[in-house]
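Numbering (full-length UniProt numbering), first residue to last: 1 to 303.
Honestly, I wouldn't trust all of these hints.
As the list claims (entries may be wrong) - Here are the computed distance ranges between Cβ atoms for each label pair:
(1) K126 to F61: 46 to 52 Å
(2) L247 to D58: 40 to 46 Å
(3) Y119 to D58: 45 to 51 Å
(4) Y164 to G208: 17 to 23 Å
(5) N274 to G208: 36 to 42 Å
(6) V12 to F66: 14 to 20 Å
(7) K195 to D58: 39 to 45 Å
Don't read these hints as lab results, they were simulated from the structure.
Note that beta-carbon positions come from the ideal geometry of N, C-alpha and C, so glycine has one too.
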Amino acid sequence: CFMTSQNHGYAVDSSTLPDDWDVLFTNANDQTNEGIIHNKRPYFSVQFHPEHTAGPEDLEFLFDIFLDLVKNPNKLSPKQLISDKLKFTDHPYGLKTPKKVLLIGSGGLSIGQAGEFDYSGSQAIKALREENIQTVLINPNIATVQTSKGLADKVYFLPLVADYVEQVIKAERPDGVLLTFGGQTGLNCGIELEKKGVFKKYNVEILGTPIQTIIDTEDRKIFSEKISAIGEKVAPSLAAHSVEEALEAAEKLGYPVMTRAAFSLGGLGSGFANTKEELKKLATMALAHSSQLIVDKSLKGWK
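Sequences and hints are given; from them, build the entire structure.
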């Protein structure tokens with residue numbers, strides 16, 4: 001099938017065509033005739049506009065064929081030219097199923113902390129095993145569902161830091177890696193490995209959310225810019241990399257403000273500040289965990 005722009009209100013009845021004329025195109029929606037072609041003479045026509053106006057470029061080549069026929073009307077066969085252009089060799093796209101996948105686990109949990117990443121990671125391992133994919137897990141926390149005996153094919157009780165993960169990748173040579181089941185620690189580790197070129201070095205494919213998408217959504221400034229680019233309204237904000245920059249940003253935006261640390265889940269380092277003193281305290285705490293702080297105009301109380 002081909003996509004075209006179309007505005008005609010009539011169609012040629014295919015059953016009334018003379019012997020020397022054949023159907024060239026048929027509408028896939030209502031089966032009406034969309035084009036005719038002469039078997040011997042260099043004549044053909046279509047009921048749609050190949051590219052008269054902006055739109056799909058599927059049949060733009062019809063203009064090229066027309067120009068070729070004008071230049072050489074007796075030497076070229078329009079039917080043959082169009083047939084050659086319409087030939088399509090089907091190359092079925094086969095999804096490459098990985099044989100071995102590395103999963104960066106949930107890591108340590110504090111008392112009272114929710115274990116959603118432990119749960120989601122264990123479900124991911126079960127899903128991979130159902131597809132007969134070998135699973136390798138890195139998780140330093142022995143008291144998790146993920147590390148239960150018989151769940152993952154191989155478990156490494158190692159810290160979720162780039163150097164240790166690279167050692168596991170070097171030893172296991174997985175086909176793919178899942179980064180989104182390890183919470184903020186897993187995401188940060190994946191970004192660091194990507195920057196160091198580890199995934200490219202060992203030919204490991206990122207499964208699920210791409211690294212660049214993770215960076216774009218984790219970096220508050222980039223995310224705000226991308227939201228603005230698609231025309232969505234966002235609260236006025238400025239990025240800061242130090243307490244002084246945060247204070248300057250708040251002066252420009254006007255108090256009260258809200259602070260959010262980049263590359264952190266669960267609101268770590270975020271809060272509302274009504275004064276310089278409150279902002280200084282929040283910024284100091286947030287920048288201890290992240291290199292970037294976003295200062296937003298407070299929308300507290302808005303509906």
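For each hint, the structure was consulted:
1. K126 to F61: 46 to 52 Å: 50 Å, holds
2. L247 to D58: 40 to 46 Å: 57 Å, violated
3. Y119 to D58: 45 to 51 Å: Holds, since Y119 and D58 (Cβ atoms, about 47 Å apart) stay within the stated range.
4. Y164 to G208: 17 to 23 Å: 21 Å, holds
5. N274 to G208: 36 to 42 Å: Holds, since N274 and G208 (Cβ atoms, about 40 Å apart) stay within the stated range.
6. V12 to F66: 14 to 20 Å: 19 Å, holds
7. K195 to D58: 39 to 45 Å: Given a distance of about 40 Å, which is inside 39 to 45 Å, the answer is holds.
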